[in-house]
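S.K.: Construct the entire structure; sequences and hints are all you get.
Protein sequences appear in the order of chains A and B. Position 110, counted from 1, in the first sequence is what the numbering used here calls 141; the numbers after and before it change by one each time, with no gaps. Position 106, counted from 1, in the second sequence is what the numbering used here calls 107; the numbers after and before it change by one each time, with no gaps.
Treat the hints as calculated values from the structure; they're not laboratory data. It should be emphasised that the depicted structure is a prediction, and the values quoted were computed from it without experimental measurement. Ideal Cβ placement from N, Cα and C applies to all residues, glycine included. All the given hints hold, so there is nothing to weed out.
Computed spacing ranges between beta-carbons, pair by pair:
{"no.": "1", "chain 1": "B", "residue 1": "GLN392", "chain 2": "A", "residue 2": "ALA67", "range": "41 to 47 Å"}
{"no.": "2", "chain 1": "A", "residue 1": "ASP94", "chain 2": "B", "residue 2": "GLU136", "range": "52 to 58 Å"}
{"no.": "3", "chain 1": "A", "residue 1": "ASN150", "chain 2": "B", "residue 2": "GLU136", "range": "29 to 35 Å"}
{"no.": "4", "chain 1": "B", "residue 1": "GLU308", "chain 2": "A", "residue 2": "ALA149", "range": "37 to 43 Å"}
{"no.": "5", "chain 1": "B", "residue 1": "THR33", "chain 2": "A", "residue 2": "ASN150", "range": "18 to 24 Å"}
One side only, chain A facing chain B, incomplete, derived with CB under 10 Å:
{"no.": "6", "residue": "GLU50"}
{"no.": "7", "residue": "LYS54"}
{"no.": "8", "residue": "SER103"}
{"no.": "9", "residue": "ALA105"}
{"no.": "10", "residue": "THR108"}
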Amino acid sequence: MTLEEKKQQIIEDFSLYDEWLDKYEYLIELGKALEAFPEEKKTEERLIKGCQSRVWLDHELRDGKLYFSADSDAIITKGIISLLISVYSGRTPQEIAADDFGFVAEIGLKENLSPTRANGLVSMIDTIKKVAENGR
Amino acid sequence: MAMSLTEIRSQFPALSRTVYGKPLVYLDNAATAQRPQAVASLWQRLSLEENANIHRAVHHLAALATDAYEQARDAVKEFLNASSREEIVFTSGATAAINLVAFSFGEAFVHEGDEIIVTTADHHSNIVPWQLLCERKKAVLKVLDIRENGVLAVESLEKLISQRTRIVAISHISNVLGLVNPVQEMVRISHKMGVPVLVDGAQGVVHEPVDVQALDCDFYAFSGHKLYAATGTGVLYGKKKWLDAMPPYMGGGEMIATVRFSGTTYAPLPEKFEAGTQNFNAMPTLVPAMELVKAMRADAEVQKEQEAILDYVYEKLTGDDRVVLYGTERAAKIPLFSFGVKGAHHEDLALILDKMGIALRSGQMCAEPLMDRLGVTGLLRASFAPYNTLQEAEYFIKSLDKAINMLV
Numbered sequence: 032m033t034l035e036e037k038k039q040q041i042i043e044d045f046s047l048y049d050e051w052l053d054k055y056e057y058l059i060e061l062g063k064a065l066e067a068f069p070e071e072k073k074t075e076e077r078l079i080k081g082c083q084s085r086v087w088l089d090h091e092l093r094d095g096k097l098y099f100s101a102d103s104d105a106i107i108t109k110g111i112i113s114l115l116i117s118v119y120s121g122r123t124p125q126e127i128a129a130d131d132f133g134f135v136a137e138i139g140l141k142e143n144l145s146p147t148r149a150n151g152l153v154s155m156i157d158t159i160k161k162v163a164e165n166g167r
Numbered sequence: 002m003a004m005s006l007t008e009i010r011s012q013f014p015a016l017s018r019t020v021y022g023k024p025l026v027y028l029d030n031a032a033t034a035q036r037p038q039a040v041a042s043l044w045q046r047l048s049l050e051e052n053a054n055i056h057r058a059v060h061h062l063a064a065l066a067t068d069a070y071e072q073a074r075d076a077v078k079e080f081l082n083a084s085s086r087e088e089i090v091f092t093s094g095a096t097a098a099i100n101l102v103a104f105s106f107g108e109a110f111v112h113e114g115d116e117i118i119v120t121t122a123d124h125h126s127n128i129v130p131w132q133l134l135c136e137r138k139k140a141v142l143k144v145l146d147i148r149e150n151g152v153l154a155v156e157s158l159e160k161l162i163s164q165r166t167r168i169v170a171i172s173h174i175s176n177v178l179g180l181v182n183p184v185q186e187m188v189r190i191s192h193k194m195g196v197p198v199l200v201d202g203a204q205g206v207v208h209e210p211v212d213v214q215a216l217d218c219d220f221y222a223f224s225g226h227k228l229y230a231a232t233g234t235g236v237l238y239g240k241k242k243w244l245d246a247m248p249p250y251m252g253g254g255e256m257i258a259t260v261r262f263s264g265t266t267y268a269p270l271p272e273k274f275e276a277g278t279q280n281f282n283a284m285p286t287l288v289p290a291m292e293l294v295k296a297m298r299a300d301a302e303v304q305k306e307q308e309a310i311l312d313y314v315y316e317k318l319t320g321d322d323r324v325v326l327y328g329t330e331r332a333a334k335i336p337l338f339s340f341g342v343k344g345a346h347h348e349d350l351a352l353i354l355d356k357m358g359i360a361l362r363s364g365q366m367c368a369e370p371l372m373d374r375l376g377v378t379g380l381l382r383a384s385f386a387p388y389n390t391l392q393e394a395e396y397f398i399k400s401l402d403k404a405i406n407m408l409v
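M.R.: Okay, structure coming up:
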């Protein structure tokens, strides 16, 4: 699936739910389904600054593509990072760096988070962008 | 005058609004209370029709504004049962009041090697000003701990006080634990050792009738906005003997008697501590706010409902294996509940409950030392006001159960 197709799919998935509670439920499921993140990787360097709950993000470059893994102690935050990973993992750094992350606004995620969490979301996006820019 | 709960609620427009299409259940009263119509109307009238700077000019509007401001001082004096109006200093809030004391009392009475006592259960506003003082004066901050049930370890206070202790700063009610501290006893112990006591009454004044002469505390600080008055209003009560002996906190405006480059003399109390243009459009809103507080305290229906909420929520939270409630001493408990849920992050719960229409607080609640002491990274807090209903408490408990089931 291309980056555009994947984003479109998520926008459609989100539009299935009218109520934000159901959208949270969906994010919680995504969070629970996220691949286990090894305890030893939960280091200070992998911690994303600016989130109230703790979020760790790791990445590796394989065959010219970036692969992300992550964890959080809060499940909705974990669902959000899981959502971002599902979109951007396995893409080239160039592709990620050139993306505007506009689909996040389209699903209304930022507007529906508490201000502290919205800042956390921005930090997550910034970190993914920075990783991509450094990997170009 | 007896009012029904419905009548009281109708005075607070915010209580009948909806969020996300659901009725708002406002349980973040410990952060700020909702504003009644009478407060907003007075605030508006003073701003639009009686606005003039106080104390200075001779014109009619200035006289009206000054009267409203000074009548508010008289009303606060009555409300706290202070012995004179000179002992009531207006500030922007409890934080400003405590900073005033930490600075001015500190200037006069704290020297290198002296000691200040605070408690583990204090709000940052009653810790950081004292830390700043200690840094300035090379003084030492000592900390009174809590017992397992959250009550202050009063029995340790006597041992903690030394010859070098200059002041004891405590909270009347912790904003996290929701327990009424034995302030009177702590004042007695401290005074026996010759040490004055500052009481942070930000939560206390909302839930308990305060008589500063009976408590015999030396300072009592509170914020208007938690007591239904306008934001930016606050009170410092200080015993005259201390306020007289303390230097001004800030300079300028009405705090002077004469100003010469050879030396300036200061205004008498309380103006000595009210530098600059005061919040004169807002301060008089303390009057209708305090009247409402008194009416709610005297109202049997409201009191019965508060008791029922306390009984119900306390029983539900302590009876739920998934929930850990902090501040469990039943006899000292007010309807303010901070708790954690096993296996669920406090932020996730707050986020879900928000979408159910319930406003409550999550995080460290400006009490990081207490969070460390309890061994948690944050908690969820539901704080009730006299305008909350048992029905709202039931909806909160039901919604909490639903949210926990979504997460765990």
